[in-house]
Every structure is written in C-alpha cells, then in structure tokens.
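Number of protein chains: 2
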Amino acid sequence: MSSVDRQLDDLHETITSELPADITVSDVKYEGPELVVYTRDPKKFARQGDLIRQLASKLRKRITVRPDPDALERPRDAREKVMKVIPDEAGVTDLDFHEDTGEVVIEAEKPGMVIGRHGSTLRDITKEVGWTPEVVRTPPIESSTVSNVRNFLKQERDERRDILERVGRQIHREEMSDDEYVRITTLGCCREVGRAAFILSTPETRILIDCGDKPGAEGEVPYLQVPEALGAGAQNLDAVVLTHAHLDHSALIPILFKYGYDGPIYTTEPTRDLMGLLQLDYLDVAAKEGRAPPYDSEQVREAIKHTIPLEYGDVTDIAPDVKLTMHNAGHILGSAVTHFHIGDGLYNVAFSGDIHYDDTRLFNGAVNDFPRVETLVMESTYGGRNDYQTDQDDAEERLKQVINDTHDRGGKVLIPAFAVGRSQEMMLVLEEAMRSGDIPEMPVHLDGMIWEATAIHTTYPEYLRDDLRDRIFHEDKNPFLADQFNHIDAGEDERQEIADGGPCIILTTSGMVTGGPIMSWLRHLASEEESTLTFVGYQAQGTLGRRLQSGWDEVPINDGESGRGSKISLKMDVETVDGFSGHADRQGLMNFVKTMNPRPEKVLCVHGDESSTQDLSSALYHEHNIRTFAPKNLETFRFL
Amino acid sequence: MSSVDRQLDDLHETITSELPADITVSDVKYEGPELVVYTRDPKKFARQGDLIRQLASKLRKRITVRPDPDALERPRDAREKVMKVIPDEAGVTDLDFHEDTGEVVIEAEKPGMVIGRHGSTLRDITKEVGWTPEVVRTPPIESSTVSNVRNFLKQERDERRDILERVGRQIHREEMSDDEYVRITTLGCCREVGRAAFILSTPETRILIDCGDKPGAEGEVPYLQVPEALGAGAQNLDAVVLTHAHLDHSALIPILFKYGYDGPIYTTEPTRDLMGLLQLDYLDVAAKEGRAPPYDSEQVREAIKHTIPLEYGDVTDIAPDVKLTMHNAGHILGSAVTHFHIGDGLYNVAFSGDIHYDDTRLFNGAVNDFPRVETLVMESTYGGRNDYQTDQDDAEERLKQVINDTHDRGGKVLIPAFAVGRSQEMMLVLEEAMRSGDIPEMPVHLDGMIWEATAIHTTYPEYLRDDLRDRIFHEDKNPFLADQFNHIDAGEDERQEIADGGPCIILTTSGMVTGGPIMSWLRHLASEEESTLTFVGYQAQGTLGRRLQSGWDEVPINDGESGRGSKISLKMDVETVDGFSGHADRQGLMNFVKTMNPRPEKVLCVHGDESSTQDLSSALYHEHNIRTFAPKNLETFRFL
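Chains as they are written, first to last, in the UniProt record's numbering: chain L, 1 to 640; chain H, 1 to 640.
Do not take every clue at face value.
Stated by the list, open to error - Pairs of lysine to aspartate or glutamate residues, derived as DMTMM-like cross-links and limited to a Cα-Cα distance of at most 20 Å, are as follows:
hint, chain 1, residue 1, chain 2, residue 2
1, L, Lys602, H, Glu635
2, L, Lys632, H, Asp179
3, L, Lys110, L, Asp100
4, H, Lys632, L, Glu635
5, L, Lys632, H, Glu180
6, H, Lys61, H, Asp50
7, H, Lys632, L, Asp179
8, H, Lys110, H, Glu462
9, H, Lys84, H, Glu103
10, H, Lys632, L, Glu601
11, L, Lys81, L, Asp96
12, H, Lys632, L, Glu180
13, H, Lys602, L, Glu635
14, H, Lys632, L, Asp178
15, L, Lys632, H, Glu601
16, L, Lys632, H, Glu204
17, L, Lys632, H, Glu635
18, L, Lys632, H, Asp178
19, L, Lys29, L, Glu89
20, H, Lys632, L, Glu204
21, H, Lys127, H, Glu73
22, L, Lys632, H, Glu374
23, H, Lys110, H, Glu142
24, H, Lys632, L, Asp96
25, H, Lys84, H, Glu109
As the list claims (entries may be wrong) - Counterexamples of contact, computed for chain H against chain L with all Cβ distances above 10 Å:
hint, residue
26, His12
27, Lys29
28, Gly116
29, Ser201
30, Thr390
31, Lys400
32, Gln401
33, Gly437
34, Gly551
35, Gln614
36, Leu634
Derived from the structure by calculation, the hints contain no laboratory data. For every residue, glycine included, the Cβ atom is placed at its ideal position computed from N, Cα and C.
Using the sequences and the hints given, assemble the complete structure.
This is how it looks when you write it as structure tokens:
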C-alpha cells in the first residue's frame, strides 16, 4: 500500500469520525491540491453550513465535497429546481450537469448572486438537488478565447480528472530526503529582457517558474537543454508556475509537453486564457514569418488541460515540501507575484514576475506583503539609475493634448498598442476623458486582438482594480462597453470607410509596428498631414515602430496581391507619450523592496539589461544593506 | 559520413603528402587523445628520426605510428633481435608482443636505457623488427598492485582499444554550439573536507573532477543524484579527471560505471594504480564493517580499464573545446594540479586538488606556474587564520628525540601512519637519520598496506622529488631498499616475535587507529611503559587515534576467536609530532597564490571546513584583491 493510500485511508477515518453519524463518506481522493470527499448524503452535508470549513481547518487541506452519483436527482428534474433557487437577476446563461463528478456548472452574468451570502445560495442548490454547483461568469463581452477554453475543458473532463488525481497523489507523496536545501537556477532573463525561466529546487522537488521566449531574438530560448533544467527529462519537474501570460514568460511552456512533461501548470485563470490566446498567436506569427514553430497547437491545448488555476491569496500545496501563493502583481490581467513557502517554516522565496508598484487605472499596485520572504527574485526592467518614468497623470494630460490638437485639425489619432494591458488602459483613459469632456466624443476603433483581449478582461473583473471592479459589479457601468468603442470586425472595407470619415481614434496592434492591422492603417493614413501617429509604449531596437519614432519617414508596404514590396512616405505627425508602462520604474522597484516588512535577506535582480540589473542590485545593497546579486544565466544559488 | 571520418580522411591525405613517397600510410585512427598512423613501412618511418615530431607539430596532435600487421617480423624471430638492440644493463625482465597493435611491451629495470637518447634505441628496435616498442619499468620492489593492473590491462587489450577508439572519436567530434560559457558546479567538499566532486561544463562538454567519499560520514556522498551531476545519465559526462588517489577524491569513481558511464578517466599512471589499491581496500573495509559497498570489484576494474594515463606537463585534448594538463601537486604520489584550457584562448580554470606548496622529502612542491588561469579552485584544508604547521626540520628533530629516548629506555616506537604518502616520508626520514647516525640503527617494520604502497612509489620514481629520483636512477641507491626496512609478511607470528624482541620502529596502518594491524600491535605493546605510541598525522574527531592522543588510556580489543570485546589499558608513552602533513598550511596556501604570475581573477576556496574556507577566501581577497568565494555544495558559478 503506497503512503498516499495510507494517508487517504487515515483521512477517510478521521473525516467519518468528525461528521454526524447520518452522513456517510463513500470515498476520499486527492484531485490536484484539493481533497475531494464523496458522500451519499450531499443534502445533509449542505444543511450543516459550516461542516466543510471546520473539516478544512482541522485537516489543513482544501476540501471539496461531491455527491455519490446515486445520490443525485436526474439532470432533467434538477435543472428546473436549480433555476428556482437562483434569483432571476443572476442572469444564468448556461447550466451543465456532469454526472461523473456530480457537478453542475452554472454560467451566470452575476456569479455573486448564484453564490449568495457566504455561499448560502450554493448550499441551497445542493440541499435541493444534491449536485455540487460550480459557478463561472458569463463574459459581458463574448470572448471566443474564453468560450473555446471552457468548451475544451468540458470536453476533456475525463482526462483532466485523471491528471488531477495523478497530480494530487504526487503532491501528497511522502518526503524522501532528509537533506535540506533551497536552490535557484537561472535559465534565462538574467542580464537581459526576455526568455524568463528559473528552476526552484529542494531535495524533494523541482519547480520551473516561467518559460518564455526573447522577442526580436527568436533563436535565444531558455536553457532547457542543460541538465539543471529538465534533468533526466521533463517528467523530472514537479510543477510549472507561470507569473503572467506575456510571451517572454509563457511562450515556451507548451514545448515542455513535447519533451514529455505531464504535470501541472499553476497560474491564475485569466493568465491561462491569455496564455492560450498569445501562444496560438505566437504560432501564427512564426508561420507567417516562415519560421518553424517549436511546437503546435496540440501542445497549447495540453498546456491548458494541465493548468490548475489558483486565485490570489490561496495557499496551495504543490509538492510535499512546497506551498505556493499567488498575489496581484499589477502588471497585466492575472499577473502574479509568486510566493513559495518551503518546508515547515524552513525558507521562503518570492518571484516578482513583472510588476507595477503603483495603482494604474486597470490594476491595484503589486502586493509586497508576505509573512516572510528570505529571498526575492525581482524584475529590473527599469532598474537603471535614470529609469524614471513620466507620472501617469502628466502622461494622460499630454495624450489628451495630442488628441485635441489632432481633432482640431480634423485628423485621426492612430495608436499602435499591445493587445493585452496597454490597450485596456488606453480605453479607460479615453472613456473617462470623453465622459468628463476633456476630449470631444468621437469613435474609438479597436483593431487586431484588442477586442478579444478586452473581452477576456471583462470576464475576470475580480482581477481588476477595486473601483473598476466595483463599477462593473455594482453599478453595471462597464467602461469597456461604452458606446464610442467599436470593434473592427469587417476587415479592409470597414477600415477604408473609417479612413474616409472624420476625426476618430484607432487603437491597433501590433504595438511595435512589426505587422498586423497597424500596417494597413498606415497605408490608409500615412499621407494625412492632419492625423497623428502616437506611440504610448516601448519601441524595441530594430522595430519599424522605433524607426518611425526616431524620424524615419518611409513605410514599407507589402502589397498583398502582387506580393511585391513598395514604400509610401509618412506625412503624419508623429508623437510619443511616455508614462503608460506596465512596469514599475526605478522608483517603483525601490519602493517595492523598501516597503516590504520584513525585508528580504537576499535579492536577485533579473529581467533587465546588464546595467539595469547591476544598478538596481547596487542601489538595494547600499540603501537597505541587503545581499544583492545580478546573476548571469545558468548560475545556481544555494540558500540554506 | 560523420565529421570525424571526414577529419580522419583529411588527415590521411595530409600525412601521406607530408611523407616521403616510399612510406605508405594504410590507416589513420584516433585512439583516446592520440592520432594513430598505421604504416606498411615502419622501418623506413623509424629511419627518418624526426618525421613523427615534424608531423605532430604540423598537425598539432599527439601522434603514434604503428606497423601494419603484415609488415611485422614473427615474434619468435623478433624477440632475439630486440634483445640484441637493447643494452644488457637495461635489465629487461619481460617482452610481450601484441599482434593486433604491432606493439611490443618491454618491461625493464632501467627504462631510460631502452628508450635511448631522444628515443634512439626505440627507433633502432623498430628499424630492426618493425614492431612499435612500449616501455614500462620493472618495479624495483615487486608490487602486486602494479603487476595485477598490468596483467589486467594486457588481458583486456582488445576492449581497451575499442574504448580508446570510441573516446578518440568523441574528443574530436565537431563542436555543435555557438554559445560560450564556462561553469563550475560544486557537488561536494564545499565548507567540509571529503567527498570532493565538481562539474566543469561548457555548452559542448561536461567534465567531472574527482568523486570521493567522506571518511567518518560514509552516508554523505557527492551529490551525483542532482541533475547537474549526471544530467540525463552518467553517459552525459565527457570525461572524469582525478587529481589524486586518496579516497576522499576517488572512492566513488567506480560507481559511475554502475550508473552507465563508459568514458575515460584521466589521471597519472601512479594515481591509477593507487586508486585501484585504495578502492579495493575501501570495499574490504565496508564489508568488514558490515556496510553494503556501493559497488563491487568489477567496477574498480572498469575504472582501471577506462583510465587514460597522462604525464605531468602533457597538454591533452579531452574534448573538442577542452585541453587538460596535469602538474605535480606535491601531495602524494601522482597527485596533480589540473589545468583546463577552454576554447581557443577563451578561458582557463585550474583545480588545485590537494597540494603541498613546499618541497618535502618525497616530492617537489606544487606547480603553480601556468600561462593563464582566470579561475582557481583551491583546497583550504589548513586555510584557517591560525593553521600554521611546525616546520618539517623541527618536526624531524622532535621525532628523532622521541626515538632516541625510547631506544634509550629499551622500548619500541609504534607509529600509526597512512599507507600512502606519510609512511614513505617517514621511511626517508628514518633512513637518513640512521645513515647519518642521528638515531641508532634498528629494524623498521612495515605493516599493513605500507609495503605495497612503497612498492608502487618505487615503480614511478619520475613522480618523486628530483634528488630522490636521481638517487634511484643514477646512484642506484634506492633508500626504500635500505636493509633496516622489513616487510611484515608472516602475520601474527612475526609480530609476536618482534614484540618479544628489542628496540625497533613499527610503521603500521591504519593512520587513525580505526582498524588494521595497528590494533594487533596495540595488543602486543600496550603494557610496555618503555615503548612509545607516536602520532605523526592528523587524528580526526571520533577516531580511536584522537582519543588515545588526548589521554584516553583504554584500548578496546576485539578477541578474534571468541568474537567478544574486552579492553586493555595503555601504559605506553604517547607522543604527537606535528609537521609532516601532506597539505600546505595557511602560509603555503597563501604563497601558492601569491607567487602565481599572472594571478587568477577568481578563487573558489573549497575542501576545508566552513571557517577555513571563509578565512582563506577573505585573506586572499584582502591581500591580493582577487574575487574570492567560499562556495556551498550544489552551487553553480558561471564565468564568462
């Protein structure tokens, strides 16, 4: 009998003895980090409101109670009863009964009303029909990504349960080693930006944190081939943890499944969806540029299938000796600072991922409040001694000025922007500026993946800034649904019509003018002297965006039909508005550490070019007397 | 066609074009680091004295010329002719013809006379019979280890040639990576003494340096199980390099073959033989102490079979991007400082192994003269701020005093000593002291493995200190053959007889009184107040030696026949004479670095307890402004 089976037997016994005699427990299983208790008396369970919470706190486990299949009402009968329990205002859009797990998935416009106060409505549902309700939000804007992911997971439900059960047994296996150490190996993004990847290892456990590519240097990938990375194979990893969906952190995760990885990916739910969207786009771009993609869409689906979503603040066992907690990082939707508690009070490591320290319109500032962190691995994108950014208020003023000037001239404002994050921030700025009359009301056209990315944002308002979330939740005044926003969905004809029309604002991808609909917009608008091309994000060396920003006045045009290239000259006004970064600037990074309490003993400065990491490392050392490092790739640090 | 085959074809062509038209080259092969040229005209080759040297320098390869089998005289005829060419004074003791390689192995008491001036006699042999002569020394004292190793290698000749050919092709494979880095991973002996093991890695190559055990803590072995060590398996290693034979550096090497390693071990010839001796003894001790040995004698033989012996100063390709050179380390017979030249002038790393900086009676001081060394990995056994040793002259005076006092009382001097190194140093001290009349002539009895270890020393006089070697070579006055030395080879009866006799000196293992014949000697002599137990080496915490040294006066005696334990009380005088260490003391370690020119940029202080490594690291930093580290086990440092 394996140690996990012994453990489950003991748990079965303990739970039975803790429960009232009339509640029978038919089985106890691990599924991922959760303990699942099967009962033939789900209704009685539900009647005793606090039972599950008491059990969870006694056993120090996350517990889910599921009904035995024979204790369930038939779906046909149950459907009606469930709908009666849920208030109409909840706006239920779908009910889906899974007989294998006894779960009913309820998709509703207002999930809070399905849950009820402290979960009372959920309990009422179980009391009524025996089924275990699981609630998801109906996306306020329809997102094909979200519905694809949900449908896919529904379809793969059986395999997914097998995965979760296997992972659960792995997590709760017996510890084998009596050695004690904590190590971090750098596989990428040291003294450079891009290809983030780290291994956190103990004698028991090996965890990969992020696995990204390096934009503009597609050949440079994380050092997965060195033995530190995958050891005797990808199956040697216990877990993959993803801080956020940007490709320099997520692009190479699917390749792990090609290499034989078959374990869990821990991340937030919005990161899972955005990751899928961006990885598929990554394959698309590779194909268009004639590069052989390193994996195909099948592995993207594997990644999604293996994702175990965590919410901010959930303390989750991910290995016998490691607990993971994710916290808001303020960088993009679902981005997380990941905190690892190792052993029983032995050591704590936090990886900042990419962070924004101050609040933005979209997000609360990054969390830096942990019970303990001995070592912090910290991004340094703007860690250089002079990397101070324009204040966002000033940036917004400047942007409004540009828009007003252009509007006065009868021109259009063309803004290349990243689909995820920057675009939604812009939408919020523009919506408010129009509402308050700072700029005239005019259409804001959204092209490329922006609309889809926005739809994903509105699916997960819990991950947005408090007051923004409240506006969506309570006031039902979702700014992303404002009338002026128009999703370009009819292609070239629609663009032509807009180009022929009056003043407007166009937000479009790609953010660095390296392809996508921005190329078409330039062809339409390049000759308009009254219009303005406005940069609101970082333009990397080597991109057309950077060239245009620095005064270049020719735009290469690829004529789609003939396949030949030609050039048109750019007559538009070109403006740059700094201050909308998703990254903390030097001050923000310093503040992130300064306001930590207790402060970490050691900080590894990564994810920045050589001088940024060294500047930040040196500043943190001198100001706070912390031991700091600016690691190179392929080093291993041992703590303890 | 593989790149190695292409390379060999090119070499074949070049060599043919460089040679006179009447010399035909039938084949060109790699065997280990050497290029072997087969010719149908070995005699003509031999006639042109400088041809091989010219070729070697032109091709920058080590070249061996071998005759085609059909160009050879029959052994029966050749034997007589060979003996005619070699002067009688050479003292040939064996001739062995290998038809597969065309080699004749000549064992002689004076190998130099078989070689002749600049190899002239060797060339004469080939001119006469076509066979390629290979010369080995007849051990002046018969060593069963040496003859076992030689017989074994003779018997495994075919497989050995296969191994060498495979290794040769590996070494000369094409470089695959255009990345550049040099890394060191610490697998043991950091902030501790014992279980030495390091990985030196480049994008191309992974080399294991040493693989030892930890005496007194047999469970603590190098971290071979972490993926950095053996990666996707032991076959992932390109080479194993052994600095010297002591078990804390060599004990776990055979286990690699159990794990599937099948590559070369580079070390000196005496280290190979001593390693075999000590590893077999290691298995023996494990069996006696009831521990399951981690491998068996079969793997010891594999290790010997895979050893490619190098001489001090030979620059040897061991991988496409790594050249290895071994230099005298002054610590024990065959001990080496290993220098790695990586890439074409890219980077240089030296591992000190264990060193003695000053000359001893046995050895010249450690070599620290390299064209370049950017990083030095350095032992720190006596690196602590107060680790200064008694001067050896003073130590010798003190020892002579102890011996004279004991002799005057009519007693015997019992010296526990390590078989390898310390014992031979003692023998030289005693031989000279008697020759010069500083102590009276009396028998010196050698018990345990000491005689065998001494025999190995006399087989390799080239590895001993200049003047000692000269005494053995030119004056034929081998001090180890002095009359007073008696090898105890008749067991208990002989010991009883000696114990009943008059004043004498007994050198015996084990050095820390943890077993072996010293236990029997204590039983015989414990009650003799006039006799002296004299410690001349380090006694580790927890050993009986340390207890007796600190005043304990009881010796546990295991009665061999009844199996019961009892105790006898120790009446002997107990003396400690410091100053015979095989390790450099603090001053020696500092001098080793101080007199390097150029000095290394970085020094990793290892192989010492926590305070010793940190003290030495800090002292080197403050005196020479070198970047120094006192690594922990399981860290990886990247240089470049």
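Hint check:
no., hint, in the structure
1, Lys602(L) / Glu635(H), "16 Å, holds"
2, Lys632(L) / Asp179(H), "14 Å, holds"
3, Lys110(L) / Asp100(L), "27 Å, violated"
4, Lys632(H) / Glu635(L), "13 Å, holds"
5, Lys632(L) / Glu180(H), "13 Å, holds"
6, Lys61(H) / Asp50(H), "15 Å, holds"
7, Lys632(H) / Asp179(L), "14 Å, holds"
8, Lys110(H) / Glu462(H), "12 Å, holds"
9, Lys84(H) / Glu103(H), "18 Å, holds"
10, Lys632(H) / Glu601(L), "17 Å, holds"
11, Lys81(L) / Asp96(L), "14 Å, holds"
12, Lys632(H) / Glu180(L), "13 Å, holds"
13, Lys602(H) / Glu635(L), "16 Å, holds"
14, Lys632(H) / Asp178(L), "18 Å, holds"
15, Lys632(L) / Glu601(H), "17 Å, holds"
16, Lys632(L) / Glu204(H), "19 Å, holds"
17, Lys632(L) / Glu635(H), "13 Å, holds"
18, Lys632(L) / Asp178(H), "18 Å, holds"
19, Lys29(L) / Glu89(L), "36 Å, violated"
20, Lys632(H) / Glu204(L), "19 Å, holds"
21, Lys127(H) / Glu73(H), "11 Å, holds"
22, Lys632(L) / Glu374(H), "17 Å, holds"
23, Lys110(H) / Glu142(H), "15 Å, holds"
24, Lys632(H) / Asp96(L), "55 Å, violated"
25, Lys84(H) / Glu109(H), "16 Å, holds"
26, His12, "34 Å, holds"
27, Lys29, "31 Å, holds"
28, Gly116, "49 Å, holds"
29, Ser201, "8 Å, violated"
30, Thr390, "37 Å, holds"
31, Lys400, "48 Å, holds"
32, Gln401, "48 Å, holds"
33, Gly437, "57 Å, holds"
34, Gly551, "35 Å, holds"
35, Gln614, "15 Å, holds"
36, Leu634, "5 Å, violated"
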